[in-house]
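*Asks:* So you can see what is in the structure, the chains are spelled out below.
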Amino acid sequence: MTKTVLTIDDSRTMREMLSMALVQAGYRVIQAVDGVEGLEILKSEGADVVITDINMPRLDGFGVIEGVRANPDHRATPILVLTTESDVAKKERARQAGATGWIVKPFNPVKLVDAVRRVAA
Amino acid sequence: MTETQAPQGTGQRRELISFRIGDQEYCVDIMSVREIRGWTPATPLPRTPSFVKGVINLRGAVLPIIDLGARLGLETSAPTARHVIMVVKIGDRTLGLLVDAVSDIINLTEDMVQPTPDVACDQVKTFVKGLFALEGRMVSLIALDRVLPETEAEAA
Amino acid sequence: MDPFESIKATFFQECEELLTDLESGLLAMERGEKDSETINAVFRAVHSVKGGAGAFGLEELIRFAHVFETALDLIRSGKIEPTDEVVKILLRANDVLADHVQAARSDGSVEHSRSAAMLDELQTLIGAEAAAALEDGGDDEDDFGFTPVQMVVEDGGEAPAAEAEPPTGPGARVWRIEFQPKPEMYVKANEAGLVLRELARLGSTEVDVDGAEVPPLDQLMAEHAYLRWTIKLTTDQDEAAIREVFEFVEDDCVLTITEETGGETFEDEPPAVVPPQDEFDPAALLARLTGAAPAAEAPAAEAPPEPAAPAPPAAEPEGMDVAGLIAMAQKATTDAEPAAEPAPKAAPAAAASAPPSSTASAPAATIRVDLDRVDRLINAVGELVIQQAMLSQRVIESGLARSSAVALGLEDLELLTREIQDSVMAIRAQPVKSVFQRMPRLVRECADMTGKKVRLVMEGENTEVDKTVIERLSDPITHMLRNAIDHGLETPADREMEGKPVEGTVRLAALHRGGRIVIEVSDDGRGINRERVRNIAVSKGLIAEDAVLTEDETDNLIFLPGFSTAETISDLSGRGVGMDVVKRSVLALGGRISISSEPGKGSKFSMSLPLTLAVLDGMVVTSAEQTLVAPLSNIVESLTPKAEEVHYIGGQDAVIRIRDTFVPLIDVGRALGFRDTPLNAADSVAILVESEGGGKAALLVDAIQGQRQVVIKSLEANYQHVEGVAAATILGDGRVALILDVDALVTTSRRKSAPREKRMAV
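Chains as they are written, first to last, in my numbering: chain P, 3 to 123; chain F, 1076 to 1231; chain R, 16 to 777.
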């Protein structure tokens, strides 16, 4: 069955890159432009994996993680965070909030798909 | 309209449409011709050379009509319903050429076309790229990119 | 386009938007709006530019954006105070960033000295220490270029370990991996099964599950993880590759990786891959399934015993591989579903997911549509309008009564057509913002170049106008602004002497007025020195020495060809074009431009353009048997001249007295060369028109047919510009009608009256 990945990023470039790599790898991709929209889409459409940026307007990546984990339907949904810097602090904070894994930007499509596969059943 | 197969020759094959202006025969590359339609009255444009008959509505586009005979220095014809407009594409532009009648589709090869001889006057040399003989008739190949007035200015 | 190039195009498109956001954010900060929301948005913009640039390996851009971002980050965290001076630096950095983007886009390069100077400034701002740290951090970010790779990836579902090629070569090594997840691992939605599956991709695995710690059912704790795996992995990969598989879970498990020396000594017996059923770890699975947070009180005691019970019938105790294990786990979790009661503490946490005190409202729902499609739609609607007009005319010609059902139906159709047209035009309408936002930079640069202090105030940025017009606004606005700064504003010293604020104000405003868009550029400078303007005009032979001009007329002399008031050719005027060229281009669009000024107080440029270049409201007239359209925007009134109101000056030039003024009378048919004989004014209709700069004239035509909205068709598309004709349109009878260029007619007729130009005389 085709897995659905929800990508949450305010950068259109980033969203398109994620989509390109993931669609090529056979995933279905839904895009959201910020955390609020991301949680809304997750609620209405669901997703097998969530990939979220950290720095976003309205609701940032940490908010997304908390929101996803607070939803009983998605407590077990894997979340990958996009970190631009190999910023240990941010990664750790995301982990504490419940992030499953991370992708360091700029990413290479193979690594991206690897990361998704590592968390998606 | 008939289709005429010119004698075999070597070189690149071309398809041409030949047409009459008065008693002379001319032709243009068939690839440039978009359609052929009957004469419809044109809206005259102010202060334009006499060979510009005006503009007509071609499915929403404003199409200038060039009286090709007048352009070639022949007598200006008063268009009648029997005249035809050849709609041709030249670069980005589409325009209508007013001619007496379209006569033939000609197949020939590039090497059959002779350069315009020196006897021709400047005007003819400007618009006629070359000549070739066909069943005893002489047909002149028109250089379409020269027929618009502004390109004439460039050539001058 | 290849997908990579297409994303790159998207990136540059997005950069434009980001740069816009960045600049408006910085300008807001300049105005004093230094709230965290604004600063965050500014940071995010640069951050995103850098992020995208990183993906495309745009080194120069990355380097600059990185330093810029660092400065903004320090402001964001309160380590740098965003003083006015700092914001000014940031604004200039914004300009340089824009240059870098442009350079990257066009494969060009930036002015190196400028960029380097800016980097220095930013680094000074950041501080030596942080800057040094930057040097290190700056480079390791470009490690991965984003290169499109054709990927073959197994279906995300059950990746069978069997498919992984068992390494056979001499490079094959055997690893012993001990892996014991902690409960935290499951809380983060990581799964042991997936880790094992990934491991299996590296080579061949033998998995041993130790369920010894699983307590009796009644003591099972959902938040505990009881299972432990020992994996024997034969692979040609090194330890790093293995560690990478555990990257996400490393901190949430106990992990030991050791290389087996002999490679044969894992276990003498073939390993029992799957434990007996009752040793399986349902708690871990349950925790994984429900994502039970440690806080979630879901004691196993409450869980029905079913989770453990379902013995997957297909599960054979022996010979089960990793994939089988996963399948079993999935089966178990599915069966455990009823037990997955929402944790009571989930609710408050859910509330926390609401947007935090953000002032930004959700953007209105929008879709992106290819412009081509909109243009096609607009063209089609244009045809519809013409077709509808043709149909109406045919119906009238057929003699049907106005009250007939057909005529009434047609009237409705006309209204509907109009409505569709308006709606379609609205699709393409855009706020002038996209043009306005380029202006602050221009003003900054002009100010720098002239040494003047300038504050730009913009109003009406959301005024909408058709896309066809938007594109044409930029040039005239640029010139008006340059002119206002270069010629309008005084130097700071002069202003001080005048008792004015040292900083001059230039106002750029857009508004709708009378179905047109009006752009005003005003300054609080010295105003036009009319005496000087007049002298220059006389000395250049533009006006007669004894010409009597109103103040307005004098001001508008600056639009005459060959006029320049700059005493010294400044950098600005040197590369710019004269206001006459600006005026000509505005006129060509059916626009008008004029200037008014008050000495000592300032000047105001005012430019108006039609809201669209696609349709026009016109008056359809007949002249010399030709049907012509006069733009309604030019028309003041129409009147029937009486013979005694028309006066001839010399042979053919006529004027008409309208109330107390004489205005030139232009016989349109003759002016366009359609007719030689003059029209008898008394049998004709005169249309009083106003041209640019307020010049009036009366156009003499045979008759007026009525007002109509017409679709503008370009003559230039297939032909060329024709003097006196603005464009063409197609009328109800299907024929082409010409749209008059009223300003050209008036100007030409005026020139004609002067002895210099005789061309118009027939």
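A hint or two may mislead.
When the alpha-carbon atoms are kept at most 20 angstroms apart in a straight line, the in silico EDC-like pairs for lysine to aspartate or glutamate are as follows [said to hold, decoys possible]:
| id | chain 1 | residue 1 | chain 2 | residue 2 |
| --- | --- | --- | --- | --- |
| 1 | R | Lys711 | R | Glu511 |
| 2 | P | Lys92 | R | Asp267 |
| 3 | P | Lys113 | R | Glu259 |
Just so you know, these hints were derived from the structure itself, not from any lab.
*Asks:* Work down the list of hints and note, for each, if the structure agrees.
*Replies:* Consistency of the hints with the structure:
1. Lys711(R) <-> Glu511(R): violated, 42 angstroms
2. Lys92(P) <-> Asp267(R): holds, 17 angstroms
3. Lys113(P) <-> Glu259(R): holds, 11 angstroms
Violated hint for the displayed structure: number 1, the only one.
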